[in-house]
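This is what each chain is made of:
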Amino acid sequence: MAGLTLRGIRKTFGDTAVLNDIDLDIADGEFLTLVGPSGCGKSTLLRIIAGLESQDSGSVSIGGTSVDHLRPHERRIAMVFQNYALYPHMSVFDNIALPLTMTRLNLFERLPLMRHLSLRRRRIMNEIAREVRAVAEQLRIESFFHRRPGQLSGGQRQRVALGRAMVRHPQAFLMDEPLSNLDAKLRVHMRGELTELHARLGATMIYVTHDQIEAMTMSDRLAVMDHGDILQLGTPADVYERPATTAVAQFIGSPAINLFQARVGPGGQVELLGRTLPIEVRNAPTPELTVGVRPEAMRIGGGPCAVTCRFRRRENLGSECILHFDLVASPEVAVLCRVDNGIPIPEGEVPLAFEPRDCHVFDNNGRRIEVESRNAAGRDLRRASEVR
Amino acid sequence: MRTSATITRPPTPVAIRMRRLVSLALVHAVLIGGAVFMLLPFVFMLTSAIKPPGEIFEATFRLWPRQFYGWQNFESALSTAPLLRFLLNGLIVCGGILVVQLLVAIPCAYALAKLKFPGRPILFSLVLLGLCIPVQAPSLPLYIAFAELGILNTYLSMMMPFFLSVFAIFLFRQFFKSYPDEIIQAARLDGVGEFEIVWRIVVPSAWPAIAAFSIFSVVAHWNDLYWPLIVVSDTKLATPPLGMMYFADSELGSNYGALAAGATIITAPLVIAFLIARRHFIAGITMTGIK
Ligand SMILES: Nc1ncnc2c1ncn2[C@@H]1O[C@H](COP(=O)(O)OP(=O)(O)OP(=O)(O)O)[C@@H](O)[C@H]1O
Ligand SMILES: [Mg+2]
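So the protein lines, in turn, are chains A and B. If you use our numbering, the first sequence corresponds to residues 878 to 1265, in order. If you use our numbering, the second sequence corresponds to residues 82 to 372, in order.
Do not rely on the hints blindly, as some may be mistaken.
Stated by the list, open to error - Under the rule of at most 20 Å between Cα atoms (straight-line distance), these lysine to aspartate or glutamate pairs were calculated in the EDC-like manner: (1) B:LYS195 - A:GLU930; (2) B:LYS197 - A:ASP945; (3) B:LYS197 - B:GLU263; (4) B:LYS197 - A:ASP892; (5) B:LYS258 - B:GLU229; (6) B:LYS197 - A:GLU930; (7) B:LYS197 - A:GLU1073; (8) B:LYS197 - B:GLU275; (9) B:LYS195 - B:GLU275; (10) B:LYS258 - A:GLU930; (11) A:LYS1062 - A:GLU1073.
To be verified - Derived coverage of chain B by chain A (criterion: at least 3 residues anywhere in the stretch with Cβ under 8 Å from a Cβ of chain A; other residues may be distant): (12) 226 to 237; (13) 265 to 279; (14) 282 to 288.
In short, the hints are calculated from the structure, not lab data. Beta carbons are placed, not taken as given, at the ideal position from N, Cα and C, and that holds for glycine.
So that you can see chain A by itself, here it is in the shape it has in the complex (with noise of 0.2 Å):
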């Protein structure tokens, strides 16, 4: 197991763009998480680190040594394919065995009829049909070991591809939304049993992922991509509470953020639809301000924090559901606001309030802004923020 460090990696494809400019430090058994929208380069970052594909600049090191000149097989590092990209023709456990016998098996004892002439084949074979066991062993899959890929469903195919990733000992594993092609049940399983295999093996892992909760719940940290950008890096936790940008407040959170149209007041203060907020900006570069607020900060009612909307549907979640209001000041606006499934639907237009502190504030970039609240209880909570 090793730390994986990234610099400066560009790379474009023809005119356009895919990478610019990456650094990523990743350290010894993090388990790392790139999510972002479809397009914007985590497949292709996973390639370079993986050396299927080279990158126009910057460098790529395990464990401290570039391996920027190494192939693939020779960075020691092992990719978990969306489509698992198993073997068709080959048998589950000839599958996971392959890496080991390629690098182990000279090429006079690969060959077919002449490998039977060797004597040294038949004990690393057996060598390996032993760690091809242990490893099978870990993910159940021996009672299907004479199978073909074909005649497997997915979550079994899943685990095969994991299998031939783990019997290498790689230094680290590369995941490219390897959960995407399950059924919503197995997903939840799956997660839980590669967070346990994190665990267990402590391994270096990046994961791609579309999934807002596998994004949440398995990792250390998650980096949040956008056209060939890092745009965020922190804990989920982080991410969460304090995103840096519009971009990253609309992807993180389910469903999406709330955001308003605000402006600075002469002393600091942020005006929210002729309103002055509890909350004050120092240093705005403009005027134009957004203001987000997330769905389940938001709850019927007034408030010195509120908004006028008027209710459209609702859409029930089962235990929670999501109402759906229009901005009164600005009808095109959607408002969406989770709330527990006991509680009256609202008619009509009805004031929706949420709390100083739940406010995200950006500036006309979509750069986060720090805010600083008027009252004791928000400057409380932005301190203990800070102290973690």
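Mind docking chain B with the ligands on chain A? Use the hints.
Chain B with the ligands only, in chain A's frame:
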């Protein structure tokens, strides 16, 4: 129950089945007509092979002769012409050509389909260009070159011009193009070298295409008269069609029954091989989208 049946009255199962039967019968009638048209020469060959000389040119065509003369025809064909020797020659030439074609074309096609290197588009255009050149075009320079090398009248001279098949490169390239990149990348991560990726990982999935190409190749070279006629004058080296031609001229010339028997013998291996490979062949044609 009853009322709904009387109101809507959907077509009865029997009517549906009848309609299906009629359309099936029509389609099959057309297909059978085509098949009969194509098979007629073969049927003529087969029946002639078992007819006595007097019956072959009778005005009325009969499928089964009045007098079964098959033994005599086959016996005289086999005794006059060294047919088994021709079959062996055909086997050597076609087998040699096919093996080298596959050994050369498969790695080429893989490189064109899956590796990135400068000049790849140009090389592929050259392959396409090569598809447009008929074999007859370079035959004179090839003949002269072989004469200079002193390899006329050898198996090698019959095989060598066909070792590099642009058609095979093209066909396999199209097939490999659709092979998932992720599997190849996984193999690279597992430490499989490019040559072994070709032969261990990609080729096992390409059997349908290989079977299809093998049939094309073997049929073409088994039946080829043109090139063996140019480079071979020794009857001991003659391929089946060339051998038949020699003997049609000289000894068997007027014995049409024996000729037909000889023709039957030299076409039989192909037909049998096709029947064996039929499943793969058809799968390969549909999978490569060539049809
Ligand atoms: N081989 C290639 N040639 C040209 N463009 C490519 C190539 N591979 C990727 N791209 C482009 O690079 C961009 C990033 O692709 P990438 O696969 O890394 O996205 P991603 O973040 O993994 O997306 P997704 O979440 O949909 O998997 C895309 O715009 C894609 O079109
Ligand atoms: Mg991707």
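Confirm or reject the coverage of the stretch 265 to 279 of chain B by chain A under the rule of 3 or more residues with a beta carbon closer than 8 Å to the chain's beta carbons.
holds (count 9)
Closer than 8 Å Cβ to Cβ for three or more residues is the test here. Does the stretch 282 to 288 of chain B pass it with chain A?
holds (count 3)
Under the criterion that the straight-line Cα-Cα distance not exceed 20 Å, is the pair B:LYS197, A:GLU1073 satisfied?
Not OK: B:LYS197 and A:GLU1073 at ~39 Å, beyond 20 Å, violated.
For the pair supplied as a hint, B:LYS195 and B:GLU275, is the alpha-carbon distance within the 20 Å limit?
10 Å, holds
Are the Cα positions of B:LYS197 and B:GLU263 separated by 20 Å at most?
15 Å, holds
Hey, B:LYS197 versus A:ASP945, does the alpha-carbon distance stay inside 20 Å?
18 Å, holds
Given the hinted pair A:LYS1062 and A:GLU1073, is their Cα-Cα distance within 20 Å?
Holds. A:LYS1062 to A:GLU1073 sits at ~17 Å (cutoff 20 Å).
Compare the distance between the alpha carbons of B:LYS195 and A:GLU930 with 20 Å, and conclude whether the hinted pair is satisfied.
13 Å, holds
Using a Cβ cutoff of 8 Å, are there at least 3 residues of the stretch 226 to 237 of chain B near chain A, or does the coverage claim fail?
violated (count 0)
Please verify whether B:LYS197 and A:GLU930 have alpha carbons no more than 20 Å apart.
11 Å, holds
Regarding the pair B:LYS197 and A:ASP892, is the alpha-carbon distance no greater than 20 Å?
OK: B:LYS197 and A:ASP892 at ~18 Å, within 20 Å.
B:LYS258 and B:GLU229: Cα distance at most 20 Å?
41 Å, violated
Checked against the numbered hints above, the structure violates hints 5, 7 and 12; every other hint is satisfied.
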